[in-house]
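J.: Residue-level listing of the chains:
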Amino acid sequence: MLIQEELSVQEKLEILSDAAKYDVACTSSGVDRKGKAGALGNTTAAGICHSFSADGRCISLLKILFTNQCIYDCKYCINRCSNDVVRTAFTPEEVCRLTIQFYRRNYIEGLFLSSGVLHSADYTMDLIYQTLKKLREEYHFHGYIHVKAIPGADPVLIEKTGFLADRMSINLELPTADGLKKLAPGKSRSKILTPMKQIQKGIAANRYELMEYEKAPSFVPAGQSTQMIVGATGENDFQMMMVAEALYQNYDLKRVFYSAFVPVNQDSSLPALPGGPPLLREHRLYQADWLMRFYGFQAGELLSEDRPNFNVLLDPKCDWALRHLELFPVEVNKADYYTLLRVPGMGVKSAKRIIAARRNGPLDFDALKKIGVVLKRALYFITCSGRMMYPVKIEEDYISSHLVGEEQRKVWEIGSAGTFRQLSLFDDMNVPALADLGGVRL
Amino acid sequence: MKTVYLCENSVEGILSGVYAAWTSRKGHENVKLELMGDGDTMELFCQYEEVPVNARNADKVVQAIRGKISEEAYIAVYKAALSKERDRGDKIYRFLIYGFHFGAKIVHMLQVKEVFDIFQMCRNIDNETHLLTGFVRFVEMEGDLLVSRIGPKNDVLVLLAPHFMDRLSGESWVIYDENRRKAVLHPAFRPWFLVDLISTEWEERMKKASDEDEYEALFQRFRKSVSIKERTNPVCQRNHMPLRYRAYMPEFSHGLKDS
Numbered sequence: 391m392l393i394q395e396e397l398s399v400q401e402k403l404e405i406l407s408d409a410a411k412y413d414v415a416c417t418s419s420g421v422d423r424k425g426k427a428g429a430l431g432n433t434t435a436a437g438i439c440h441s442f443s444a445d446g447r448c449i450s451l452l453k454i455l456f457t458n459q460c461i462y463d464c465k466y467c468i469n470r471c472s473n474d475v476v477r478t479a480f481t482p483e484e485v486c487r488l489t490i491q492f493y494r495r496n497y498i499e500g501l502f503l504s505s506g507v508l509h510s511a512d513y514t515m516d517l518i519y520q521t522l523k524k525l526r527e528e529y530h531f532h533g534y535i536h537v538k539a540i541p542g543a544d545p546v547l548i549e550k551t552g553f554l555a556d557r558m559s560i561n562l563e564l565p566t567a568d569g570l571k572k573l574a575p576g577k578s579r580s581k582i583l584t585p586m587k588q589i590q591k592g593i594a595a596n597r598y599e600l601m602e603y604e605k606a607p608s609f610v611p612a613g614q615s616t617q618m619i620v621g622a623t624g625e626n627d628f629q630m631m632m633v634a635e636a637l638y639q640n641y642d643l644k645r646v647f648y649s650a651f652v653p654v655n656q657d658s659s660l661p662a663l664p665g666g667p668p669l670l671r672e673h674r675l676y677q678a679d680w681l682m683r684f685y686g687f688q689a690g691e692l693l694s695e696d697r698p699n700f701n702v703l704l705d706p707k708c709d710w711a712l713r714h715l716e717l718f719p720v721e722v723n724k725a726d727y728y729t730l731l732r733v734p735g736m737g738v739k740s741a742k743r744i745i746a747a748r749r750n751g752p753l754d755f756d757a758l759k760k761i762g763v764v765l766k767r768a769l770y771f772i773t774c775s776g777r778m779m780y781p782v783k784i785e786e787d788y789i790s791s792h793l794v795g796e797e798q799r800k801v802w803e804i805g806s807a808g809t810f811r812q813l814s815l816f817d818d819m820n821v822p823a824l825a826d827l828g829g830v831r832l
Numbered sequence: 003m004k005t006v007y008l009c010e011n012s013v014e015g016i017l018s019g020v021y022a023a024w025t026s027r028k029g030h031e032n033v034k035l036e037l038m039g040d041g042d043t044m045e046l047f048c049q050y051e052e053v054p055v056n057a058r059n060a061d062k063v064v065q066a067i068r069g070k071i072s073e074e075a076y077i078a079v080y081k082a083a084l085s086k087e088r089d090r091g092d093k094i095y096r097f098l099i100y101g102f103h104f105g106a107k108i109v110h111m112l113q114v115k116e117v118f119d120i121f122q123m124c125r126n127i128d129n130e131t132h133l134l135t136g137f138v139r140f141v142e143m144e145g146d147l148l149v150s151r152i153g154p155k156n157d158v159l160v161l162l163a164p165h166f167m168d169r170l171s172g173e174s175w176v177i178y179d180e181n182r183r184k185a186v187l188h189p190a191f192r193p194w195f196l197v198d199l200i201s202t203e204w205e206e207r208m209k210k211a212s213d214e215d216e217y218e219a220l221f222q223r224f225r226k227s228v229s230i231k232e233r234t235n236p237v238c239q240r241n242h243m244p245l246r247y248r249a250y251m252p253e254f255s256h257g258l259k260d261s
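Note that the protein sequences, when read in sequence, are chains A and B.
Quick note: the first sequence, position 351, residue 741 per the numbering used here, numbers continuous.
Quick note: the second sequence, position 98, residue 100 per the numbering used here, numbers continuous.
The shape of chain A in the complex, shown without the other chains (with noise of 0.2 Å):
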């Protein structure tokens, strides 16, 4: 391992930035803190992205690893032992000053501090916990911080790091044992569940004490999530969407992120993705994700032991109702918020919209468009006053063929992006070929 002390700081900026990307935990949403005299920053609970970079994902953090020496050997990992790649690690001194300069040009919404694991888990997670009180306490930073807790390092360590930050994640990376044991042989499953039920606990108890005491100091007020690599081993859909819904459930985690598997590695126990990362696959459980989280849905009504993958041809939720056209069309009038929630083309937004502006009279068609319902997917599952917008026949076959339509030039753009090119009328008039869309299960 070439270990580089002598570089500059625009030089580790590179390199601990390089080596940070494949993380996903890139927003800086969940709580909101006002500002304080004195201190700089404040914290948004929607989330503020400050710029976009080319793979067209937000940039909202300052995401860095503190260094990218590791003792690990994981398979997928940039940063993997045996790896021959120029090692350096930041001073807590460069980390603090990096984020407030970037702050105070409105660069950045906070630090989001990954690391390595560095000699010892205790010895990494120590170095975080000085960054963190540093950046804190020395410079009065108020803004957001995220922050990795390294599997297996002392709970205390990681409660005194939790007082400090806003958000703390520990990696899945791998949603089953088994993918974990091939791929990622020095961690277990474990090593990893320890301490995200701890700061579960955390938590939970912190609410117990803020409710008693008002000044106490918040621990990871923004909650904790999560991230799944997509790919990389044999799970499918149903698979990583039971987990992630565990999680929600008996870890309390705020989100669960998934990661579109990207080989920076040759390794014979890494499949080859000919068509590029499953980037669809990702898209599909980040939609399924979302239904989880805000329309109340549950992973068993979305996939099941013999439906285990998600249709590449139809967003999730439209799926679902087209294998539940019993319960519709719904009346728009009437329907309760949580009927309404279950419509395509419908959003938190405008189930919320609707319901406030029928107490004043009935809505039509050109009302619903307006208040922000994507028509185009709406219409076969909706009524106004009893009417639908078109003839349309109840059945699962003429709709799907309608919806299909739509939704596949938005999996041609997903399938196909950054191949750009003028549209040609001879060329675009065929549909695309499936297997063009890599790594994708129909």
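Think of the hints as simulated: they come from the structure by calculation, not from any bench.
Hints are not guaranteed to be accurate.
Stated by the list, open to error - Restricting the straight-line Cα-Cα distance to at most 27 Å, the calculated cross-link-like pairs of lysine-lysine (BS3-like) are:
hint: 1; chain 1: B; residue 1: LYS70; chain 2: B; residue 2: LYS115
hint: 2; chain 1: A; residue 1: LYS724; chain 2: B; residue 2: LYS107
hint: 3; chain 1: A; residue 1: LYS465; chain 2: A; residue 2: LYS577
hint: 4; chain 1: A; residue 1: LYS739; chain 2: B; residue 2: LYS155
hint: 5; chain 1: A; residue 1: LYS742; chain 2: B; residue 2: LYS107
hint: 6; chain 1: A; residue 1: LYS739; chain 2: B; residue 2: LYS86
hint: 7; chain 1: B; residue 1: LYS62; chain 2: B; residue 2: LYS4
hint: 8; chain 1: A; residue 1: LYS577; chain 2: A; residue 2: LYS587
hint: 9; chain 1: B; residue 1: LYS115; chain 2: A; residue 2: LYS739
hint: 10; chain 1: B; residue 1: LYS4; chain 2: B; residue 2: LYS86
hint: 11; chain 1: A; residue 1: LYS759; chain 2: B; residue 2: LYS107
hint: 12; chain 1: A; residue 1: LYS524; chain 2: A; residue 2: LYS591
hint: 13; chain 1: A; residue 1: LYS739; chain 2: B; residue 2: LYS107
hint: 14; chain 1: B; residue 1: LYS62; chain 2: A; residue 2: LYS766
hint: 15; chain 1: A; residue 1: LYS644; chain 2: A; residue 2: LYS742
hint: 16; chain 1: B; residue 1: LYS28; chain 2: B; residue 2: LYS70
hint: 17; chain 1: A; residue 1: LYS724; chain 2: B; residue 2: LYS115
hint: 18; chain 1: B; residue 1: LYS184; chain 2: B; residue 2: LYS155
hint: 19; chain 1: A; residue 1: LYS523; chain 2: A; residue 2: LYS426
hint: 20; chain 1: A; residue 1: LYS766; chain 2: A; residue 2: LYS739
hint: 21; chain 1: A; residue 1: LYS581; chain 2: A; residue 2: LYS465
hint: 22; chain 1: B; residue 1: LYS4; chain 2: B; residue 2: LYS115
hint: 23; chain 1: B; residue 1: LYS86; chain 2: A; residue 2: LYS759
hint: 24; chain 1: B; residue 1: LYS155; chain 2: A; residue 2: LYS759
hint: 25; chain 1: A; residue 1: LYS591; chain 2: A; residue 2: LYS581
hint: 26; chain 1: A; residue 1: LYS424; chain 2: A; residue 2: LYS724
hint: 27; chain 1: B; residue 1: LYS226; chain 2: A; residue 2: LYS465
hint: 28; chain 1: A; residue 1: LYS742; chain 2: B; residue 2: LYS226
hint: 29; chain 1: B; residue 1: LYS28; chain 2: B; residue 2: LYS62
hint: 30; chain 1: A; residue 1: LYS759; chain 2: B; residue 2: LYS115
hint: 31; chain 1: A; residue 1: LYS742; chain 2: B; residue 2: LYS70
hint: 32; chain 1: A; residue 1: LYS742; chain 2: A; residue 2: LYS759
hint: 33; chain 1: B; residue 1: LYS231; chain 2: A; residue 2: LYS465
Said to hold, decoys possible - Incomplete in silico selection of chain A near chain B, CB under 7 Å:
hint: 34; residue: GLY666
hint: 35; residue: PRO667
hint: 36; residue: ILE761
Note that CB positions come from ideal geometry on N, CA and C, so glycine has one too.
Model the placement of chain B on the given structure of chain A, informed by the hints.
T.: Okay, now just chain B, sitting in the frame of chain A:
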């Protein structure tokens, strides 16, 4: 004959116009609000009347909206008055006709066109404000002064200022709206205020400061190194961050695209 009330392009100006039109008792269909200096062709068979800004009249309208409709409606009207829509004055007037009739529930009645118009303007201005809370870029000048230049479609400065006031309370900063030639000034630890700026002399200084700022170069490097080559997706990037914002962001200063 129709009367067109020409009001000054400001929240107070529009509300003064509303007052003048309403109290003229000519009937709602016989009056219209327009903004001064729009350069529109004048309508035939119309009487044009200029309405000077009158703080007392504007305040009367504000009190009426707050008292007889709701605080929420007042916020909507205020925001709509900052909108980029050229006929915002008249749209506000039409909204208020319904508002004074229906009272507080008016803000939810999106099925009414006049209400929807205001809703849409507010949505547009809220979205732009939110995007700018992220896309504003400060350059550090001498004396730790942070300066930013923006070119928004809507007049968002007063909506943007409280966010940065809370966030950067201990810093001195300026946000300059290039399209309207006005700026928000915030001296450290003091309240912010609005000023009209005609002089562009400091734009040169800002450029120089930007060239010398080492953190700007660091951020450019950072932005580049965090994107994943295999996932390149400029359409997605453009959807989230329209090109018009990039002209003001140093990380795109070498052309609007990522190289």
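J.: Compare the structure with each hint and give your call.
T.: Hints and how they fare:
no.: 1; hint: B:LYS70 / B:LYS115; result: holds, 21 Å
no.: 2; hint: A:LYS724 / B:LYS107; result: holds, 19 Å
no.: 3; hint: A:LYS465 / A:LYS577; result: holds, 11 Å
no.: 4; hint: A:LYS739 / B:LYS155; result: holds, 25 Å
no.: 5; hint: A:LYS742 / B:LYS107; result: holds, 15 Å
no.: 6; hint: A:LYS739 / B:LYS86; result: holds, 24 Å
no.: 7; hint: B:LYS62 / B:LYS4; result: holds, 25 Å
no.: 8; hint: A:LYS577 / A:LYS587; result: holds, 16 Å
no.: 9; hint: B:LYS115 / A:LYS739; result: holds, 19 Å
no.: 10; hint: B:LYS4 / B:LYS86; result: holds, 25 Å
no.: 11; hint: A:LYS759 / B:LYS107; result: holds, 20 Å
no.: 12; hint: A:LYS524 / A:LYS591; result: holds, 26 Å
no.: 13; hint: A:LYS739 / B:LYS107; result: holds, 18 Å
no.: 14; hint: B:LYS62 / A:LYS766; result: violated, 45 Å
no.: 15; hint: A:LYS644 / A:LYS742; result: holds, 23 Å
no.: 16; hint: B:LYS28 / B:LYS70; result: holds, 22 Å
no.: 17; hint: A:LYS724 / B:LYS115; result: holds, 22 Å
no.: 18; hint: B:LYS184 / B:LYS155; result: holds, 14 Å
no.: 19; hint: A:LYS523 / A:LYS426; result: holds, 17 Å
no.: 20; hint: A:LYS766 / A:LYS739; result: holds, 17 Å
no.: 21; hint: A:LYS581 / A:LYS465; result: holds, 18 Å
no.: 22; hint: B:LYS4 / B:LYS115; result: holds, 22 Å
no.: 23; hint: B:LYS86 / A:LYS759; result: holds, 22 Å
no.: 24; hint: B:LYS155 / A:LYS759; result: holds, 24 Å
no.: 25; hint: A:LYS591 / A:LYS581; result: holds, 16 Å
no.: 26; hint: A:LYS424 / A:LYS724; result: violated, 40 Å
no.: 27; hint: B:LYS226 / A:LYS465; result: holds, 25 Å
no.: 28; hint: A:LYS742 / B:LYS226; result: violated, 40 Å
no.: 29; hint: B:LYS28 / B:LYS62; result: holds, 19 Å
no.: 30; hint: A:LYS759 / B:LYS115; result: holds, 12 Å
no.: 31; hint: A:LYS742 / B:LYS70; result: holds, 25 Å
no.: 32; hint: A:LYS742 / A:LYS759; result: holds, 14 Å
no.: 33; hint: B:LYS231 / A:LYS465; result: holds, 20 Å
no.: 34; hint: GLY666; result: holds, 6 Å
no.: 35; hint: PRO667; result: holds, 6 Å
no.: 36; hint: ILE761; result: holds, 5 Å
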